[in-house]
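A.B. asks: Each chain is listed here by its residues.
Number of protein chains: 4
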Amino acid sequence: MSALRKRTYEILDIGKKQDKIGRIIDIFLILLISLNVLSVILETLPSLNEQQRYYFQLFEIISVIIFTVEYLARVWSAIEEQDLKYHHPFWGRIIYMLTPMAMIDLIVILPFYLSMFVGVDLRFMRVLRLLRVFKLTRYSSSMSLLLQVLHRESRSIGAALFVLFMMIIVASSLTYFAEHDAQPDVFSSIPAAMWWAIVTMTTVGYGDVIPATVMGKVLASMISIMSLGIVALPAGLLASGFSEALRQRRRTYEKMVDMAVQDGV
Amino acid sequence: MSALRKRTYEILDIGKKQDKIGRIIDIFLILLISLNVLSVILETLPSLNEQQRYYFQLFEIISVIIFTVEYLARVWSAIEEQDLKYHHPFWGRIIYMLTPMAMIDLIVILPFYLSMFVGVDLRFMRVLRLLRVFKLTRYSSSMSLLLQVLHRESRSIGAALFVLFMMIIVASSLTYFAEHDAQPDVFSSIPAAMWWAIVTMTTVGYGDVIPATVMGKVLASMISIMSLGIVALPAGLLASGFSEALRQRRRTYEKMVDMAVQDGV
Amino acid sequence: MSALRKRTYEILDIGKKQDKIGRIIDIFLILLISLNVLSVILETLPSLNEQQRYYFQLFEIISVIIFTVEYLARVWSAIEEQDLKYHHPFWGRIIYMLTPMAMIDLIVILPFYLSMFVGVDLRFMRVLRLLRVFKLTRYSSSMSLLLQVLHRESRSIGAALFVLFMMIIVASSLTYFAEHDAQPDVFSSIPAAMWWAIVTMTTVGYGDVIPATVMGKVLASMISIMSLGIVALPAGLLASGFSEALRQRRRTYEKMVDMAVQDGV
Amino acid sequence: MSALRKRTYEILDIGKKQDKIGRIIDIFLILLISLNVLSVILETLPSLNEQQRYYFQLFEIISVIIFTVEYLARVWSAIEEQDLKYHHPFWGRIIYMLTPMAMIDLIVILPFYLSMFVGVDLRFMRVLRLLRVFKLTRYSSSMSLLLQVLHRESRSIGAALFVLFMMIIVASSLTYFAEHDAQPDVFSSIPAAMWWAIVTMTTVGYGDVIPATVMGKVLASMISIMSLGIVALPAGLLASGFSEALRQRRRTYEKMVDMAVQDGV
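Protein chains in written order, with the working numbering: chain A, 178 to 442; chain B, 178 to 442; chain C, 178 to 442; chain D, 178 to 442.
It is possible that some hints are incorrect.
It does not matter which identical chain is meant; a pair holds if it fits inside one copy or across any two.
[Stated by the list, open to error] List time: in silico SDA-like cross-link candidates among lysine to any residue, alpha-carbon distance up to 25 Å: (1) 432 x 287; (2) 183 x 426; (3) 432 x 365; (4) 432 x 417; (5) 262 x 325; (6) 183 x 225; (7) 432 x 422; (8) 183 x 268; (9) 432 x 421; (10) 183 x 258; (11) 197 x 211; (12) 432 x 335; (13) 432 x 318; (14) 432 x 329; (15) 197 x 332; (16) 432 x 245; (17) 432 x 332; (18) 432 x 331; (19) 197 x 286; (20) 197 x 325.
Simulated from the structure, these hints should not be mistaken for lab results.
Only a predicted model underlies this, so the values are computations on that prediction, with no experimental measurement involved.
Pulled out of the complex, with its shape left as it was, chain A reads as follows:
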C-alpha cells in the first residue's frame, strides 16, 4: 500500500522525469486538458447539431472522471512529499488541498457534481470548466516565471500604471469637454470618453468613437503621441524583467550542472 502510494506520488510529480510511466501520464494529462479547453471553446459554436453536442457531453463526463481520479490520487499520495509539513496522514493532506494548484484541481471538477443536486447556471459552469486551462501551469514554468516577475517588479510596474491611469483620466476629461457639445451621443459622459481614451492610448483604435471638432482632434493627436511613451513604460518594464528572469534561470541551471560535474570529480 505504502509502496503503491510512493509510486503514485513519483508518477504524478513533475520534478522527477527520468520516470517513463510518469512522462506518459504527463503527456496524456496535458493532451486531456488541452482537449477540454478546446471542447469548452467549440461547444459555444451555434452550428453544432444534437449528436455533436452528445459527444461533447460524453467527453465532459469522461474528463471529469479522469480529473477526479487524478485529484484523489494527488491528495492520497501528497504525504509522500519531502516537505515535512505534508507528512501527517490527515493534516498533511488538508494542507496539500489548500495549495493553489490543488484548489484549481478541485474547482474545475466540483461544479459537475454540484449540478447533479442543485441547478447551477450553465454560463457559470462553463467559466469554471474553462479554468482547467490553469491546470497546464503545473507543466509550464513560464506562467510562474511571469507571476514572479510581476511580483518583483510590482512597485515599478505599479508606478508606470499609476502614471498611465492619471493620463487616462486627464485625457478623457479634456476630450469630453471638447467633444460633448458636438457629439452628445458618443461623448455622453467622462466614463464614455474613458472608453475612447483607452482604445486610443493603447493604439487599438476601433473607430467607433472619433473626435469631430478641431479642438478634439488636436487633443487626440497630442494624447496619442504622448501615450506612445507612457504606454511603453509598463510594457518595457515587464519585458525587461521577464528577459532578465529568463537569463537568471538559465545561469542558475548552468551553475547546478557545473556543481554536479565538480561533485562527480
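With chain A held as given, fit chains B, C and D onto it using these hints.
C.D. replies: Chains B, C and D alone, transformed into the frame defined by chain A:
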C-alpha cells in the same frame, strides 16, 4: 500653540511615516481625493436623477471644506519645515504658498468660493475640480520620477520629437497632394491630412480617413512602415530613461541602508 | 569536363565572390527571382488584358527554363564541394538534392512540368511559384540569422507565446460571456470572440467587432492595457536576440580580420 | 570688403554662437522657416477668403526675398570657411553651391523665380516650398544624427526590412488565395491584399479590408501575432542605435570639456 503647530506639521508631512495618526490622515486624504475624481467623472453621466445629483453636491461641499482645512493647516504649519527659507512667520508662508503643490491645493478649492460671488462657467469649474487628481502626486513618487526623467532626457526626447514632427509634415503634405483630387472632402487640406498622418503613424488607425488612390496607398504603406521606427524613438528613450531612474533610486536606497547598518556598527 | 564542373561550382557558390562572372550570375539570378515574385503578384490584377497575360506566360516559361538549368548545374557540380559527404558521384548528389535549398529549387519548377501531364489546380501552382521568393534566402544572411535566433530563443519565445495563448483564451471566453446576449451575431461563439481578442490584443483594432455592454467595455479596457505588456514579451525577446546575434556576427567578422592581419605579420 | 565678408560668414555660421548678432539672425531664420512651413500648410485650407490669400502671397514674396539674400550671402562668404577647398574665389563657391544644404537653399527659392517666366504646376511648387522645412536641419543636430544612425545600422536594418518584406509577400499571397472567392471586390489581387497585409502588420488596422472566411481569419490571427515580433525588429534596431549615438555624443562632449579643462591647467 507652537507644539500643536509642530504636531500638525509632522502629521501632514509625507516623509516621517512612523507616525500612526499621520498615516491614517494620509490614507483618508488619498481616499477623499480618489472619491472626488470619481465623483467628477460620474457626475457627467446623463442617467443621474435629481436625488443623486444632490448627494454629489453635498459630497462636493464636504470635500471642499476638508481640503480648505487641509490647505490652511499646511500653510499654518509650513514654517516648521527644516529648510531655513520657510522660517519667517510671514514670508516663509508666502514662499510655501508659491510652491507648485500648494498652488494646486489652492486652485482646486478656489473656484468653489468664487462661484458664490461671481458666475463661473460650470465646465471650467469641473476642469479645475478634476485637477484634484494632481494632489495625489504628493503621495506617489512615480509621477515626480517621470517628470525628472522627462527633464533629464529632454534634449534627446526633443530630438526624437523633432524628427517625428518633420516626418508628420512631410507625410501629410505628400498624401494630401496624392489624395486631394480623389477625396476632396476628407483630404480637404494639409491640416486635415495631418490628422490622418498622426492617426496612422501612431498606429491608432481609426479608419475615418483612408487613402483611396494607388499612389496614396503606396505612400501610406511606406509611411506606416517607416513610422514604426520613428515613433519607437521617443517611446524607447522615455522607457529606458524611466527604468534607469528606477534602478538608480533602488541603488540609492540600498546604499542608505548600507550606511545606516555601518553607522550602527 | 572536370575543370568545367569545378568552374561551374565556383560560379554558383555564394562564398567566393572575388569571381567576376560569379557575381554577374548572382545579380542576374537575384533580379530574375525578384521579377518572378513581382510577376506572380501582378498576374492577379484583374485589369490585365489578353496580350499582357501572354507576356507573363512567356516570362514564366523562360524563367522555368533558366531555373531548371540552374538546378541541374547545381546538382551536377555539387560533388565539387569541400565537404567530403558530397564527393561520391551518385550519393553525393542525392545528399545535395535533399538539402533544404535544393528542395526549394526543385519544388518551384516541378509544378510547371507536372502541369504538362496532369491537370494541376491553378491556385496551388501559384502558391508554389511564389515559393521562389525563398530562393533569395541563399543570397541573404538575415533570413538564416532570424531562423537561428528563433531556434536559440525558442524556449523563451515559446514561454512568452504560451502566456499570450492562455491570455487570449481567458480574454475571449470572459468577453464572450459578457457580450453574447447583447450581440449574439458578432459574439456568436468563443472562437468568434477569439478573433476579436486577437485583433484587440495585437492593437490592430479593425473595428468590425466591438463590445457594446458596459461589462464588455470594462473587460476590453483591462485586456487591452494588460495585453500591451504580454504582447511585448515575444517581440522584445526576438528583437533583443536578433540584435545580439547581429552584434556577435560583427565581432566574429572583426576577429577573423584581426587574425588575418596577424597571420600576415 | 574682406572684413565685411568675414563678418557675414561669422554671423551665418552655426558653430560660433558666442556671437550675439549671429544668434539673433539664427532665431529670426528659424522663425521665418517655421512660419513658411505653417503658411504652406494653412494655405490649403478651403475656408480662406480673398484677403487672407493675399496676405499669404505677400508673406511668400517677402520670404523668398529674405531667403534669396541669405543664399547669396552664404555663397559670397563661403570662401571664408577654414576648409582649404573652399578658398578659391570661383571654384570654392561652386563647390559650396553643390553641398546638400546649399542645394536645398537654392531649390526652395528657384521655383518662385521660374514661375515668373514659365508656367509651373502649382502643386509641384507647393511641394518644393514645403522642402523649406529641411532648412531647419542646419539648426538641429538630431536629424543628422538619425541619418548617421541609419547609415551605420543600414546593414542590420536592411536585414530586418528584408525579412519584413518577405513576410508581407507571403502573408498577402496566402490571404489573397483564402479570401479572393469570398470577397472578390476587396481582395481583388495580391497587390490589394498587400495593402491589407501592411495595414494589419503595422497594427494600424483601418478596418476597410477585413478577412471574412474562417481560413482568412486564422491566417490573419497568425500573421498579426507573428508580425508583432518581425515589425519590432527594425524599430528596435533603430531605437537602440539612436540611443547609443546620443550617449556617444554626450560622452564626446564631456571628453572635450575635460580636455579643455586640462589644457587650462
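A.B. asks: Determine for every hint whether it applies to the structure shown.
C.D. replies: How the hints compare with the structure:
1. Within a single copy, residue 432 and residue 287 get their C-alpha atoms no closer than 43 Å, and across copies no closer than 52 Å, so neither meets the 25 Å cut-off.
2. Proximity of residue 183 and residue 426 under a CA criterion of 25 Å is satisfied in neither setting, with 30 Å inside one chain copy and 50 Å between copies.
3. Taking the closest pair of Cα atoms, residue 432 and residue 365 never come within 25 Å of each other, the shortest separation being 60 Å inside a single copy and 52 Å across copies.
4. Taking identical chains as interchangeable, the C-alpha atoms of residue 432 and residue 417 lie at most 25 Å apart whether they share a chain (22 Å) or sit on different chains (24 Å).
5. Proximity of residue 262 to residue 325 under the C-alpha cut-off of 25 Å is restricted to the intra-copy arrangement: shortest distance 24 Å within a copy versus 46 Å between copies.
6. Taking the shortest alpha-carbon separations for residue 183 and residue 225, neither the intra-copy value of 45 Å nor the inter-copy value of 64 Å comes in at or below 25 Å.
7. Both within a single protomer and between protomers do residue 432 and residue 422 lie at most 25 Å apart by alpha-carbon distance, with minima of 15 Å and 24 Å respectively.
8. Within a single copy, residue 183 and residue 268 get their C-alpha atoms as close as 18 Å, which meets the 25 Å cut-off; across copies the closest is 54 Å, which misses it.
9. For the identical chains of this complex, residue 432 and residue 421 are neighbours both inside a copy (16 Å) and across copies (23 Å), given an alpha-carbon limit of 25 Å.
10. Within a single copy, residue 183 and residue 258 get their C-alpha atoms as close as 9 Å, which meets the 25 Å cut-off; across copies the closest is 58 Å, which misses it.
11. Only within a single protomer do residue 197 and residue 211 lie at most 25 Å apart by alpha-carbon distance; the minimum there is 21 Å, versus 51 Å between protomers.
12. Taking the shortest alpha-carbon separations for residue 432 and residue 335, only the inter-copy value of 23 Å comes in at or below 25 Å, while the best intra-copy value is 33 Å.
13. In this assembly of identical chains, the alpha carbons of residue 432 and residue 318 lie at most 25 Å apart only when taken from the same copy (19 Å versus 34 Å across copies).
14. For the identical chains of this complex, residue 432 and residue 329 are neighbours both inside a copy (22 Å) and across copies (19 Å), given an alpha-carbon limit of 25 Å.
15. With identical chains, the CA atoms of residue 197 and residue 332 are at most 25 Å apart between copies only, with a shortest distance of 23 Å across copies and 43 Å within one.
16. Taking the shortest Cα distances, residue 432 and residue 245 never come within 25 Å of each other, neither inside one copy (39 Å) nor across copies (53 Å).
17. Taking identical chains as interchangeable, the C-alpha atoms of residue 432 and residue 332 lie at most 25 Å apart only when they sit on different chains, with a minimum of 19 Å there against 30 Å within one chain.
18. Taking identical chains as interchangeable, the C-alpha atoms of residue 432 and residue 331 lie at most 25 Å apart only when they sit on different chains, with a minimum of 21 Å there against 28 Å within one chain.
19. Taking the closest pair of Cα atoms, residue 197 and residue 286 never come within 25 Å of each other, the shortest separation being 27 Å inside a single copy and 46 Å across copies.
20. Taking CA atoms no more than 25 Å apart as the test, residue 197 paired with residue 325 passes in neither setting, with 30 Å inside one copy and 32 Å between copies.
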